Every structure is written in structure tokens, then in C-alpha cells.
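Protein chains: 2
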Amino acid sequence: MSRRSGILEFAVLGLLRESPMHGYELRKRLNTSLGVFRAFSYGSLYPCLKTLVQRGWLIEEPSSPPEADLEREARSAALAGRRAKIVYRLTADGKEHLEELLCQTGPDAWEDEHFRVRFAFFGQTSRDVRMRVLEGRRSRLEERLAKMRASLARTRERLDDYTLELQRHGLESVEREVRWLNELIESERTGRGRGATSPDPSDDTA
Amino acid sequence: MSRRSGILEFAVLGLLRESPMHGYELRKRLNTSLGVFRAFSYGSLYPCLKTLVQRGWLIEEPSSPPEADLEREARSAALAGRRAKIVYRLTADGKEHLEELLCQTGPDAWEDEHFRVRFAFFGQTSRDVRMRVLEGRRSRLEERLAKMRASLARTRERLDDYTLELQRHGLESVEREVRWLNELIESERTGRGRGATSPDPSDDTA
DNA sequence: GTTAGCATGTAAGGAGTTACATGATTTT
DNA sequence: AAAATCATGTAACTCCTTACATGCTAAC
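Chains as they are written, first to last, in this note's numbering: chain S, 1 to 206; chain A, 1 to 206.
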């Protein structure tokens, strides 16, 4: 069983859906697309790739360079013991699994990190999924707001000014994110033109 | 050696500085004072308390109830195998260690969680420490801003609208926190009245 | 010809969580 | 007397990091 939250796994699958890549490149993309908030190390990435292969969600391919330097590649790749780039590609099963992850409605699905990853891959999701995710996140934040306000009201007198200021600032941050979500939801609702309804017309996972 | 970042350890020491407490209560306070952002479980708290005792930063005391129900306590505590509340109190060494933690200028010291804990215990620190922490945090965020802006400029065309929007929102959040810090720093600088210069007049860790 | 960056990995460990196990006390 | 909540703990696990180890390839 095991919960398997795994932000990293999710992010890897999402990035590989756009195009196959090898580990090193993957990590760079990971740390620019999402990396403003979180940086991953090779020590977690490579083992993660291996387990994803084991589960059949990825396949390893020998690096097939775009063109041109075929001789150089041949020269070196011919040698048996050569360390070559390993390019990872999403399998049909992997695509299916990613789709499930993107649609997921579990309790963890709206937490900060998890939400950010889903948002980062919105370009690959349909509008109704986007709407559900945005609304899910918003209601999650609203629960949080309620708790924070209650807690503030309960403890207002017992806390020192600094703790209070911290809570006040935290509250405002959450309120701000809710406003942001409201704008995004409105934006999705009114069409806003460039919204692709389906991520990929030639997509049917089998 | 070992880095020993340990938000939990830090928070426990900080809370116990205010007053001795037992585990259960500690956890509740942990999850209201700081818990808006982070919730800790008993599974991490109790082992943590044990190691802090081992290092000599805390001592366990048999629960001495405030008053009144001495008979009831006596009746039950007299029995050898009885499970009593364990109240934890900060030792002199513990106080010293906490002081060091609060003044720390290491690279991890300005990260989100770490900063929040320090801020939550500002009531126990002197103004110059507060200033250093606020300014340290600010310059940390400014580094982050620089990176984010550079990354945005570099990749603006290659990213889809959603990823871009995510980064834009992230950037704004950080800018907002910088403004908040600016206000706090200004506030500290101009005195602002209620700022205690030293946390506790009767304090000399020995 | 040496630094810098590309590329892949492993071993050990840190910091916490979940799920479980136990029992006392207070409320209903 | 049942249920809630107070109170303390442990074992196994998760997810990730640090530090190390290796070697290629481009640039200076």
C-alpha cells in the first residue's frame, strides 16, 4: 500500500510527458520550472527514476542524439563499457498513471507543494480538471483561514506582539492566495481564449 | 558533527523557555503558536524530548500540580508503576544553547521554517539580535528574488502561460515578504515603544 | 593541460510521519 | 459505563539530503 505522496515522482512524470529526457537535464528543468520553491538533488532523482522504471511507468532508452554527430557517438558508444546518456520516456502506463495523479481528489492533493506541481502542469490538463484543482485548493485554503481566524480570536490576549504579527502576516498571505485563485478561476470560467480544452489531441493512453 | 537543523528541537527549547511543560501540552502550543504553518506529531515530539534530555538541555520533573489536589496525586503517584505526567524544564545549558541558536548566522538560518521559529520567539531576544535576523532574512530573500528574476528573464519564451503565472505569483509573494520585513525593520529601528531590549532582566544562564 | 560543466550513480543518515499500543481521567 | 480527551510512548517507514565516487567532454 503506502501513501506515496512523492512530489518528485509526480514532477518527473509531468516533465517527461512533455518530452523524453535524461536525468541531468531533468534535474535542471525540475529546478527552474518548480525550483523557485524547491530544489532536488541527484541523490533523490536517480533512485526515483529507477523505481519508476521498475513500475513500468518509464523506459530507459540509449541516448539517440538528434543528428549530425553520429560518427562521434558511434565511435564511443561502440565500446561496451561506455557510460552513455540514459534517456527516459513515459510509457502508456506511465501516462495513464500521471493522468490519475492530475485528477486526484485526495486530502493531500491540495497541500502547498502538491498543488504547485499540479499547477505547473496545467498546460497538459483539461479545463474541467484545472477548475477542480483550483477550486479544491481554494476550499482547502478557506478551511485553513477559518482555523487561523478561530485560533487568533481564541489566543489574541495570551500571545505576545511578535507571535501575533507572525500570525497576522500568515493570515494575509493565505487571503492573498485566495484572491489569486479567484482571479484564476474567473479567468478559466470566462474562457480567456488561449485555454486548451484537451492537452493533446492525439492522446488515448493505449 | 551532523548539521542538526531541527526545527522541532528549536521550537521545543523556545517554548520551554517561557515555562516548563509536559509533552502533550507542548504539542498543543507548538501547533497553535507555529502550527498555522506546520503541525508536529507525538511520534516526533517524544523522541525529540528524550534526546534533548540526554544532551542535558532539559530535565524531566515529576509533575507537581499547582495546588489543591495533592491528595489525589499522592494517592496515585505513590504507586510505583504509575504513569505520571512528565514536566520538562530548560536547564542552564539548555538556555545557553537556545541563546546560540537564536543568534546563529549560518546559511540555513534564514530559510522559511527556521526564520518563522526565530521570529515566533522574538519576544525573548534582544533588539540587535532581532535586527540581525530580520536583515539576514531580507538579504536571503533578495538573493532569491535575483535568481527568480534572472530565471524568468532567461526562460520567458520557453515556458507555457501557467508555469509563467506560477513563477510570477511566487515572485510577488517574495516581494511582499520583503516589504513586510522592511516595515518591521523600520519599526525596530525607530524604537516603537513596546520593544523589550532584553528578554528577561533576571537572566544569566548560571 | 587544467578547470568547469556534463553525466550517473551509491551509502549513510536526517527529520519527520503513520499506525499502533497502552493506560488514566473527565465528561456525558 | 461509554466516549472523549488527556497522556506517553515505539517501530517501521518515507522522502529526501549530503557526501562521496566515477568518468567524459568542452572551453580556456
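For the record, the hints were derived by calculation from the structure and aren't laboratory data. No experiment lies behind these values; they were computed from the predicted model shown. Hints are supplied without guarantee of correctness; some may be wrong.
Below 25 Å or equal to it, Euclidean Cα-Cα: the simulated PhoX-like pairs (lysine-lysine) are [stated by the list, open to error]:
no.	chain 1	residue 1	chain 2	residue 2
1	A	Lys50	A	Lys95
2	A	Lys147	A	Lys95
3	A	Lys147	S	Lys28
4	S	Lys147	A	Lys85
5	A	Lys95	A	Lys85
6	S	Lys50	S	Lys28
To see whether the hints hold, each was checked on the structure:
1. For the given pair, Lys50 (chain A) sits about 17 Å from Lys95 (chain A) by alpha-carbon distance, which is consistent with the 25 Å threshold.
2. In summary, the hint linking Lys147 (chain A) to Lys95 (chain A) is not supported, as the alpha carbons are separated by about 37 Å, beyond the 25 Å threshold.
3. Distance restraint check for Lys147 (chain A) and Lys28 (chain S): the Cα-Cα separation of roughly 14 Å lies within the 25 Å cut-off, and the hinted pair is therefore satisfied.
4. Our distance criterion of 25 Å between C-alpha atoms is broken by Lys147 (chain S) and Lys85 (chain A), whose separation comes to about 29 Å.
5. Distance hint between Lys95 (chain A) and Lys85 (chain A) is fulfilled; the C-alpha atoms sit about 23 Å from each other, no more than 25 Å.
6. About 18 Å separates the Cα atoms of Lys50 (chain S) and Lys28 (chain S), which keeps this hinted pair within 25 Å; it holds.
Violated hints, listed in ascending order, are 2, 4; each of the other numbered hints is respected by the structure.
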